[in-house]
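Engineer: Sequence:
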Amino acid sequence: MKTDLIIIGAGPGGYHTASYAARHGLSVVVIEKGDVGGTCLNCGCIPTKAMCHDAEAVEAAARVCGERPAVDFGKIMERKRTVVDKLRQDVETLMAQPGITLVRGEAVVQGVGRVLVDGEEYTADNIIVATGSRSRMLPIPGIDLPGVVTSTGLLDIDALPNRLCIVGAGVIGLEFASIFKSLGSEVTVVEYMKECLPPYDQDISRRVRKAMEKRGIDFVMQASVTGISREDGALRVDYDCKRKPGQAVADVVLVATGRAANTEGLGLEALGVAMERGCIVVDDNMQTNVGGIYAVGDVNGRCMLAHAAIMQGVRCVNHILGRADDIRLDFMPSAVFSNPEAAAVGLTEAQCKDAGIEYSVRKTPYRANGRAVADEADGGLLKLIVSDGHIVGCHACGLHAADIVQEACALMSLGCTVERLNDITHIHPTIAELLIG
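Take 731 as the starting number for the sequence shown in our numbering and just add one per residue.
Worth flagging that the hints you see were computed from the coordinates, not collected in a lab.
It is possible that some hints are incorrect.
To be verified - Once the Cα atoms are required to be at most 27 Å apart in a straight line, the calculated DSS-like pairs of lysine-lysine come out as:
#: 1; residue 1: K972; residue 2: K940
#: 2; residue 1: K944; residue 2: K972
#: 3; residue 1: K972; residue 2: K924
#: 4; residue 1: K944; residue 2: K974
#: 5; residue 1: K924; residue 2: K940
#: 6; residue 1: K1113; residue 2: K1083
#: 7; residue 1: K763; residue 2: K816
#: 8; residue 1: K779; residue 2: K944
#: 9; residue 1: K1083; residue 2: K940
#: 10; residue 1: K1083; residue 2: K924
#: 11; residue 1: K779; residue 2: K805
#: 12; residue 1: K924; residue 2: K944
#: 13; residue 1: K1083; residue 2: K1093
#: 14; residue 1: K763; residue 2: K779
#: 15; residue 1: K763; residue 2: K940
#: 16; residue 1: K1113; residue 2: K1093
#: 17; residue 1: K940; residue 2: K974
#: 18; residue 1: K924; residue 2: K1093
#: 19; residue 1: K732; residue 2: K779
#: 20; residue 1: K1093; residue 2: K940
#: 21; residue 1: K763; residue 2: K810
#: 22; residue 1: K779; residue 2: K816
#: 23; residue 1: K1113; residue 2: K779
#: 24; residue 1: K940; residue 2: K779
In this text, all values refer to a predicted model and were calculated from it rather than measured experimentally.
Starting from the given sequences, assemble the full structure and let the hints guide the process.
Structural biologist: Next up, the structure:
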């Protein structure tokens, strides 16, 4: 079958790119071996946000009623599945639009412009690899024991664990720690680094950890897991913390130590497609070193976020079509939907120092904001980093942190100065008023 564009993978980087390409007149074949929607929809962003929503409801009920309500974990998991099923059907509908053909099966790239799926060949002028990533497991003894799970496995458990140990204090680890603590589990987080959320500005990551510790979540920082074993019907996680041995006992252990790109079995090595640290190397147009082959999303390792994959896909199609765009892939916002919420875009203080950039910092505590006080969310912090009068970084911890950072990202992409920001009217009362100096 001949088409204009072949996309391997129907996650956010695949289905959004297919829809964008079809709207601009290209015929597209999308090849997917599993469920459409990718990690984000099936076992990542969406199901965890469904659980975050219910966890927030439990916290709200406990605050208003004075005691924590009984949690029907089965009902929570059923609602999560309903949300995922509904949105997956929406993606299926999107893939049925004119100009797009969805092919089920495993793709192998046979050559430039040639892809084989279960014995049938598809040809196109350009191929986009959008195969996503998978959980990376640590090579430690006991990692394969029953009850030791990835984020995918934790989203499929049928009973709320009394005790949950999470290995890794990144985005995934903190979101699940927050969710399960709200639902009633005892939670311990074991992290190798000195602070949680390593890519985030330290003022924010430290504040997130302190707030979560105040909620009763135990953090063991600068700890290296040495093994997992089963003892007296429970799982024991052994670790070395600052050269001292320690252990955590749990019913379920979540390993949340990063993700690995899905590049195996695609046939890319035989074509000479360059790889680095297991990811496909691409330029700023998402093109590999082999002409006509592109890679977007987690598989290129540039930024493992669903919205990054979407915007990379748009850039990729624009390059194929010869269209110019103003997409700023260097301004890529991110968020952690924990309690408290955290979000960031642009440079951190540490990055400015390392690069020798002159900068100033403006910190505004949430306690100075009327809406935050009214919403019992006055423990947050907004931090703007400014260089040469322009916003180069925005970091927030607290209620609506992601929304605030999203506004900052838009303004940064347009080259907004701090002086211009202060001239923009903001609705009162909102948390976003914190942006105004």
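Engineer: Would you mind marking each hint as holding or not holding in the structure?
Structural biologist: Hint by hint, here is what the structure shows:
1. K972 - K940: Judged against 27 Å, a Cα distance of about 20 Å means the pair holds.
2. K944 - K972: Given pair K944, K972 holds - Cα atoms ~23 Å apart, limit 27 Å.
3. K972 - K924: Within the cut-off at roughly 10 Å; holds.
4. K944 - K974: This hinted pair holds, its Cα atoms lying about 25 Å apart.
5. K924 - K940: With Cα atoms ~13 Å apart, K924 and K940 stay inside 27 Å; holds.
6. K1113 - K1083: Holds: K1113 and K1083 sit about 16 Å apart, inside 27 Å.
7. K763 - K816: It holds: about 20 Å lies between the C-alpha atoms, which stays within 27 Å.
8. K779 - K944: holds (22 Å)
9. K1083 - K940: holds (25 Å)
10. K1083 - K924: Within the cut-off at roughly 19 Å; holds.
11. K779 - K805: With a Cα-Cα distance of about 15 Å, the restraint between K779 and K805 holds, given a limit of 27 Å.
12. K924 - K944: Holds - the C-alpha atoms of K944 and K924 are around 19 Å apart, at most 27 Å.
13. K1083 - K1093: Measuring from Cα to Cα gives roughly 18 Å; hence the hint holds.
14. K763 - K779: Holds, at about 25 Å.
15. K763 - K940: violated (42 Å)
16. K1113 - K1093: It holds: about 4 Å lies between the C-alpha atoms, which stays within 27 Å.
17. K940 - K974: holds (23 Å)
18. K924 - K1093: holds (23 Å)
19. K732 - K779: At roughly 39 Å apart (the allowed maximum being 27 Å), K779 and K732 break the hint.
20. K1093 - K940: holds (18 Å)
21. K763 - K810: holds (23 Å)
22. K779 - K816: Answer holds: K779 to K816 is near 14 Å, not above 27 Å.
23. K1113 - K779: Answer holds: K1113 to K779 is near 25 Å, not above 27 Å.
24. K940 - K779: holds (22 Å)
In terms of the numbered hints stated before, the structure departs from hints 15, 19, listed from lowest to highest.
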